[in-house]
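*Asks:* The primary structure of each chain is shown beneath.
There are 2 protein chains.
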Amino acid sequence: MDSHIAAVELGKAYRLINHGPTVLVSARHGGVDNVMSAAWCCALDFAPPKLTVVLDKATRTRALVERSGQFVIQVPTVAQLQLTQDVGNRSLADMPDKLPRSGVQLFDIGGHALPFVAGCSAWLACKLIPEPHNQQAYDLFIGEVTAAWADTRVFSQGRWHFEDADPSLRSLHHIAGGHFYAIGEPLAARNDEA
Amino acid sequence: MDSHIAAVELGKAYRLINHGPTVLVSARHGGVDNVMSAAWCCALDFAPPKLTVVLDKATRTRALVERSGQFVIQVPTVAQLQLTQDVGNRSLADMPDKLPRSGVQLFDIGGHALPFVAGCSAWLACKLIPEPHNQQAYDLFIGEVTAAWADTRVFSQGRWHFEDADPSLRSLHHIAGGHFYAIGEPLAARNDEA
Numbered sequence: 117m118d119s120h121i122a123a124v125e126l127g128k129a130y131r132l133i134n135h136g137p138t139v140l141v142s143a144r145h146g147g148v149d150n151v152m153s154a155a156w157c158c159a160l161d162f163a164p165p166k167l168t169v170v171l172d173k174a175t176r177t178r179a180l181v182e183r184s185g186q187f188v189i190q191v192p193t194v195a196q197l198q199l200t201q202d203v204g205n206r207s208l209a210d211m212p213d214k215l216p217r218s219g220v221q222l223f224d225i226g227g228h229a230l231p232f233v234a235g236c237s238a239w240l241a242c243k244l245i246p247e248p249h250n251q252q253a254y255d256l257f258i259g260e261v262t263a264a265w266a267d268t269r270v271f272s273q274g275r276w277h278f279e280d281a282d283p284s285l286r287s288l289h290h291i292a293g294g295h296f297y298a299i300g301e302p303l304a305a306r307n308d309e310a
Numbered sequence: 117m118d119s120h121i122a123a124v125e126l127g128k129a130y131r132l133i134n135h136g137p138t139v140l141v142s143a144r145h146g147g148v149d150n151v152m153s154a155a156w157c158c159a160l161d162f163a164p165p166k167l168t169v170v171l172d173k174a175t176r177t178r179a180l181v182e183r184s185g186q187f188v189i190q191v192p193t194v195a196q197l198q199l200t201q202d203v204g205n206r207s208l209a210d211m212p213d214k215l216p217r218s219g220v221q222l223f224d225i226g227g228h229a230l231p232f233v234a235g236c237s238a239w240l241a242c243k244l245i246p247e248p249h250n251q252q253a254y255d256l257f258i259g260e261v262t263a264a265w266a267d268t269r270v271f272s273q274g275r276w277h278f279e280d281a282d283p284s285l286r287s288l289h290h291i292a293g294g295h296f297y298a299i300g301e302p303l304a305a306r307n308d309e310a
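So the sequences go chain by chain: A and B. For the first sequence, position 181 matches number 297 in my numbering, and the numbering has no gaps at all. For the second sequence, position 184 matches number 300 in my numbering, and the numbering has no gaps at all.
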């Protein structure tokens, strides 16, 4: 495991995705690993932390999630722009070597039988909370975050520090058709008259 | 209605929130209007366009949504940083003049009995799709987008143009405790070898 990776306390795990980044979803079942990108992933609760992610019925990753009951949500970086685009547009069904051809390197984290994508800035290991109606009617999956990690160069002491890190570590925010924005500059609002 | 506001075709309405901005949720019932901020709002489908939003049981806005069956999701701007923070931290229950004290001005759009917040960059009128289990167990609400508009200075021809507009029109992305990021610079990935 990369020396920059540190655990994130579960109570602050929602902050890893609170700013709405496009994410990578990875899953493993029966010896098959896959990774896809997803713009439609969102925090759902603080404690225990939960999140939602939309997984189309056509994706192989969805089948791996349904069969294994677990998945990883990870936050890709500006350096992974093309990787993020490619894993979202290529299917393991048509391209058996999709992951190496898309530049994906996987790594393990002890105690978690899940494929983690190297080079991301944050990782959230999730346990599927089965909700068959949501999954069938809306392609909407709910996960409980059971562990989280981040790259300390860009997330530490419970918050992102994009402004102090290399711009290549910023998060990606997809609009459509390969057009993304990087996250920008920090802004602080006043707290109320407390 | 502001002269910069134009309708957005429904097939492209998802793009208004695809990059994960913090949004304002507004609703009206029984002569009461309210507005709250929400970081947990996410696209759910393309056609018809749907979205999810998490509305805590403690919020007055949620009660207005449940009673009226409709709401507006709007995208606030950097110029509305403090307004966005304030409507998220103040409750109409404790502060009857919450909206004027937070600097909120509402306007009407003909044919929609909904309160729209002036100064935002995009507005999505939504009809609640009742899902009592999701609402009760997860505070998760699903809306179908029935009409959408955007400020043409920053969204036109079906896409955002943050890079060509005044920085005060950029979207806000909340982390926690009043710490936000503005959306940043555009990045374009190559389309696959098609």
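Misleading hints may appear alongside valid ones.
Said to hold, decoys possible - Output of the computed footprint for chain A on chain B, the stretches with three or more beta carbons under 8 Å from beta carbons of chain A:
#1 175–189
#2 283–291
Said to hold, decoys possible - Using 30 Å as the maximum straight-line C-alpha spacing, the simulated DSS-like pairs for lysine-lysine come out as follows:
#3 B:Lys173 - A:Lys243
#4 A:Lys173 - B:Lys243
#5 A:Lys214 - B:Lys128
#6 A:Lys243 - A:Lys214
#7 A:Lys128 - B:Lys173
#8 A:Lys128 - B:Lys128
#9 B:Lys243 - B:Lys214
#10 A:Lys173 - B:Lys214
Keep in mind that the hints were calculated from the coordinates and are not lab data. Here the structure is a predicted model, which means the values were calculated and not measured. Glycine residues also receive a C-beta, built at the ideal position from the N, C-alpha and C atoms.
*Asks:* Checking one constraint from the list: CA of A:Lys173 to CA of B:Lys243, max 30 Å. Satisfied?
*Replies:* holds, 25 Å
*Asks:* If you look at each residue in the segment 175–189 of chain B, do at least three have a Cβ nearer than 8 Å to any Cβ of chain A?
*Replies:* violated (count 0)
*Asks:* Can you confirm whether the C-alpha distance between A:Lys128 and B:Lys173 stays at or below 30 Å?
*Replies:* Holds, at roughly 21 Å.
*Asks:* Does B:Lys214 lie within 30 Å of A:Lys173 when you go C-alpha to C-alpha?
*Replies:* violated, 44 Å
*Asks:* Do three or more residues of the segment 283–291 of chain B come closer than 8 Å to chain A, measuring C-beta to C-beta?
*Replies:* Answer holds; 5 residues pass the 8 Å Cβ test.
*Asks:* For a C-alpha distance cap of 30 Å, please report whether A:Lys128 and B:Lys128 respect it.
*Replies:* Measuring from Cα to Cα gives roughly 33 Å; hence the hint is violated.
*Asks:* Please work out if B:Lys173 and A:Lys243 have their alpha carbons no farther apart than 30 Å.
*Replies:* Roughly 25 Å separates the two Cα atoms, so the pair holds.
*Asks:* Take a quick look at whether B:Lys243 and B:Lys214 sit within 30 Å of each other, Cα to Cα.
*Replies:* holds, 25 Å
*Asks:* Quick one, are A:Lys243 and A:Lys214 close enough, alpha carbons at most 30 Å?
*Replies:* Given that 30 Å is the threshold and the Cα spacing comes to 25 Å, the pair holds.
*Asks:* Given the hint that A:Lys214 pairs with B:Lys128, does the C-alpha gap stay at or below 30 Å?
*Replies:* Holds. A:Lys214 to B:Lys128 sits at ~29 Å (cutoff 30 Å).
Hint compliance for this structure: hints 1, 8, 10 are broken, all remaining hints hold.
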